[in-house]
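Put chain B on the given structure of chain A with help from the hints.
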Amino acid sequence: MSDEHDEHHAHIETPAPFLFCVATAIMFIGLVMATSGGENKTGDAGYWFVFILGLMGIFTSFFMWIQDYWDQEGEEDAHIETHHEFWATISTRKFGMWIFLLTEVMVFSTLLSAYLRYRASMPDYSPDIDCGLYFEDCWVPAADVIRSHLIFGVINTFALLLSSLTVVLALYAAKNNNPKAVTRYLTVTFVLGALFLALKLWEWNEMRHYNFWDESHNGCDVLAGQNIADHCIAPKYANGFWLNTSLEGSTFYITTGMHGAHVFIGLIALGYLIAKSNKDGYNEENHETIELFGLYWHYVDLVWVFVFPFFYLY
Amino acid sequence: MLRSKAIGIGILLSIIFAVTAVPTGETNPGGIEPSISTLVEANGCSCHNVGDGDMNNPNSEVILNLTMPSNFTAGETYTLILNISGGPNDIAPMVEGPNMGGFMLKASSGVLTPINDNVWKPADASYLTHTEDGNNLREWSFNWTAPDSDSIVTSFMVYGNSVNGNAKDPTDNAGNSGDYWNSATFALAGKNAQIAEGGAHGELSGPKKVVYGFGIVFITLAVVVVGYRMVDQDESFEEVMKSYWKWIYPWLTTTDHKYIGTLYIVTGFAWFFIGGVLGLLIRWQLFEPRVDGDFLTYQEYNSTFTMHGTTMIFMAAMPIIFGFANYLIPLQIGARDLAFPRLNSFGYWLLPTGGIVLYMGYFTGGAGDVGWTGYAPYSSGASATRPGTDFWVAGQLMLGASSTLTAVNFLVTMLRMRAPGVTLMKMPLFAWSILVTVFLLLLSIPVFTVALILLMADRTFGSLYFSGPDSDPILWQHLFWYFGHPEVYIVILPAFGVLSEIISTFSRRPIFGYTSMVYAMATIGIISFVVYGHHMFTTGADPLFRFIVMLTTMLVAVPTGIKIFNWLATMTGGSVVLNTPMMFSLGTIITFTIGGITGIILASIPLDIAFHDTYFVVAHFHYVLIGGTMFSFIAGVYYWFPKMTGKMMNERLGIIHFATTFITFNAAFYPMHNVGISGMPRRYATYDASLTELNQFISIFAILFGLAQLIFVYNVFYSYRNGEKAGDNPWNGWSLEWATSSPPPENSFIEIPTLLDAEEEAKKSE
Chain A
1 MSDEHDEHHA HIETPAPFLF CVATAIMFIG LVMATSGGEN KTGDAGYWFV FILGLMGIFT
61 SFFMWIQDYW DQEGEEDAHI ETHHEFWATI STRKFGMWIF LLTEVMVFST LLSAYLRYRA
121 SMPDYSPDID CGLYFEDCWV PAADVIRSHL IFGVINTFAL LLSSLTVVLA LYAAKNNNPK
181 AVTRYLTVTF VLGALFLALK LWEWNEMRHY NFWDESHNGC DVLAGQNIAD HCIAPKYANG
241 FWLNTSLEGS TFYITTGMHG AHVFIGLIAL GYLIAKSNKD GYNEENHETI ELFGLYWHYV
301 DLVWVFVFPF FYLY
Chain B
315 MLRSKAIGIG ILLSIIFAVT AVPTGETNPG GIEPSISTLV EANGCSCHNV GDGDMNNPNS
375 EVILNLTMPS NFTAGETYTL ILNISGGPND IAPMVEGPNM GGFMLKASSG VLTPINDNVW
435 KPADASYLTH TEDGNNLREW SFNWTAPDSD SIVTSFMVYG NSVNGNAKDP TDNAGNSGDY
495 WNSATFALAG KNAQIAEGGA HGELSGPKKV VYGFGIVFIT LAVVVVGYRM VDQDESFEEV
555 MKSYWKWIYP WLTTTDHKYI GTLYIVTGFA WFFIGGVLGL LIRWQLFEPR VDGDFLTYQE
615 YNSTFTMHGT TMIFMAAMPI IFGFANYLIP LQIGARDLAF PRLNSFGYWL LPTGGIVLYM
675 GYFTGGAGDV GWTGYAPYSS GASATRPGTD FWVAGQLMLG ASSTLTAVNF LVTMLRMRAP
735 GVTLMKMPLF AWSILVTVFL LLLSIPVFTV ALILLMADRT FGSLYFSGPD SDPILWQHLF
795 WYFGHPEVYI VILPAFGVLS EIISTFSRRP IFGYTSMVYA MATIGIISFV VYGHHMFTTG
855 ADPLFRFIVM LTTMLVAVPT GIKIFNWLAT MTGGSVVLNT PMMFSLGTII TFTIGGITGI
915 ILASIPLDIA FHDTYFVVAH FHYVLIGGTM FSFIAGVYYW FPKMTGKMMN ERLGIIHFAT
975 TFITFNAAFY PMHNVGISGM PRRYATYDAS LTELNQFISI FAILFGLAQL IFVYNVFYSY
1035 RNGEKAGDNP WNGWSLEWAT SSPPPENSFI EIPTLLDAEE EAKKSE
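First to last, the sequence lines map onto chains A and B.
Be aware that the first sequence starts at 1, since it is given in the numbering used here, and climbs by one per residue.
Be aware that the second sequence starts at 315, since it is given in the numbering used here, and climbs by one per residue.
Excised from the complex, chain A in its bound form (with noise of 0.2 Å):
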């Protein structure tokens, strides 16, 4: 009996590990040195072949990881023992993935805090009050700026949340042994994933580049105030709404771009399992790993519910 146990529980041996971190090494090294080496400090750009190269070794190691899961039937951690039924209720993956959750909880929390600080430091604009020339002594938030283009934000929202849906689809459909469903729906989930992110640069481009205050061509008048209608929304934002521009511009790019990195990296995941199930992995028996996504995915759903009110509404 021990024998086959010792036999099933042999160390696995992987590189991969090893080399992704290596290659993150090299990537952080690259955009170090490519942002703010060189002679002048302002940046080496020679480096950024370092950090393409540190990116290239760290999808590498990343297929080398998943490589052993490929072929895998069945559940990853089955074999993994549990003696006390309170902790046993769940897998071991899932049970992971929930505390990794936890931790993801507090990277947005953090930055939401971050936000409501500077937020609550500053009165928020009012023609009643006394902004400055150029409105630098309010909060002069960026749901003004994207009220023109808020239907990015809408539709951004309904792909995100009908995402969720497609991936409880496709987890439905794994159970019931339709590995067909399963890809289309998990497809369905990256289109939407996609749209989202693809929406949110061209927003992000429109709100970098568009004039908020132009006093030639709107007829923006510091002593009447915001117009919105008419995108005089403030002076400071004459030359576009960007991180650098003001704390609202801050809080607002991060934020969102943080929100926006973990959808990217959901679209790496959901890559994988488009890929698995396409060849039929995902079944009655094995479809746990769906499950796994899925709550991340709807994780990242529930920040952009917490996202869209704090940035886009109000």
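Covered stretches of chain A, as calculated for chain B (at least 3 residues, CB under 8 Å): (1) 11-20; (2) 24-38; (3) 110-120; (4) 244-251.
Listed next, the in silico EDC-like pairs over lysine to aspartate or glutamate satisfying Cα-Cα at most 20 Å (straight line): (5) B:Lys740 / A:Glu85; (6) A:Lys94 / A:Glu291; (7) B:Lys556 / A:Glu13; (8) B:Lys740 / A:Glu81; (9) B:Lys560 / A:Glu13; (10) A:Lys200 / A:Asp144.
Hints in this document: simulated from the structure, not taken from any laboratory.
Bear in mind the structure is a predicted one, so any value in this text is a computation, not a measurement.
Note that beta-carbon positions come from the ideal geometry of N, C-alpha and C, so glycine has one too.
For chain B alone, kept in the frame of chain A given last:
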């Protein structure tokens, strides 16, 4: 039912912790002194421009020039001339016209005085700016009286506004459009100032010499070893390399918790050595009051203490803890490995690679120099080394990711994979300490990681979280200490675990008050999240906030006291075996208690305001971190070395190591309390000459303390080769790791053991 209860409790806990993450209390956004731009605005001279570029950013078209002598003599008065060229309507700077420009100038030392009507000095201000008349000029002159010492360098900070003259009426806001401004800093050295020689002039700086020296030694050793094998064993170069590859490959690819644990411990002690060398560099700099560049330049000194702190906390203490946890937790709870072995390997490898990124600054002109706390605006401003500080941030990000993933792994393992019979309240106390620690890590490290991402965005992509005119540098302190204080308990709680194991084993009795020990650790863990404000007593925080964190900080003494008294009670009535691990544990109780008591002293607001950032604080946390964490983990090495290698460590060398370490440690760090009370600030590269004798005493014993650790290194290597055979359970320990062989087999346990209590055990043997 149980499940929904667990989920409910989990959600509740995360909400509570998320709420505490919101920085509270009132702070001064600009720091204690109002920033230079606030001053200017307050006096009606705001640099204006609209339409071209944004108003927060200077424009490089504007060129500022300050005419001044080549050096200055103490007390002498000089006339300096500032002029502006470039920008809109660039006309000859001497030409007078309406609204041509403005300026604002501040000197780091000496006194500025206006000499005509064009320049004025606002009442109670130390800077100069233009008057309404001066508004029509682009050149101004004024007097500057040099300070009393001419061995320093004075810097002049200038803001210059190039105005296009369209503001005929001062109340006309549109007149501010189209103007550009810029800022510049000019340095004027005193006659006797020693200006640091940069690496550019061919001379290598101190730390660089050390780095290159180590590199040369390492390469020479490698050549000698490989060459020796080639000549002596008559092997080809490929054969030698192949045999090394065969040796190293399993280490690179392993996911076995015992191998990874060993890697962690070895890496941790290696960084401990490097951090120790940096510490000795600090002590040598402080051997006597030195001037800039005498041994280290001031900037190199800043890098040295930054890297020393960062290395010791993140790359020495935490890896050593994770190493022991990796090796022992699966053994202590009766599991074959951690829940996610690949993730474990990933978490380990992020450590040496992240460490290398962190140290890259040394090869690019100066490592990070912002302190291990990386306070904004030092870290977000232009004065921090570039790209050294960026490397510091990037490396910290990798180390943060490592800790987070490892913490997830441990929590899952310990909650789910315990052997039959190992209920939570039957786990050894070391396992409990790690359980509490990983909880703290999960909730605190992500906050720090996000703060680092914000800092990186500020430094690299121009966001304004900590560096803009309206941003709050204190926010960094809130985010940092929200992580930083639990971090202190992250490194001390596992030490408590180790002590509990060792003291119980060598007193030959079970630990006194096991349940109270567990609750004490859990309480310390919870309280650690609500005390961080005591690092910020001098930031102008809300008095109520300060008062509350003072009380909660003092509250930590209660559970800590419970632990200390439980250890003492365990020994009382036990038959104490005095060997090296036990000696180190006893030493730890003494030194840690001293560190704890100074902690209580520092928690009190009035005393902290006096002692803040003095050597008293340095003494306090070295007593806790070396005297607490490092001592108990060295005890842990003596205790578990037989389990890990199957060999006993040499007892005589161990006792010598303990005696020398304990004496030199106290001799080196105790006097730091005294120099601190005398007012010597930490993080300064020099000090008042009256403290020289005490500092020399400290430095000498610090070096001896460093040398004493070589005995330990020798003992480890010596015992690994020549130690006596240990057997499975040399100390008669009770916890499960002693139930397997030494060293443990490939799968840790041939068969998963079942932990029975005494009654069940008796029934079984019947």
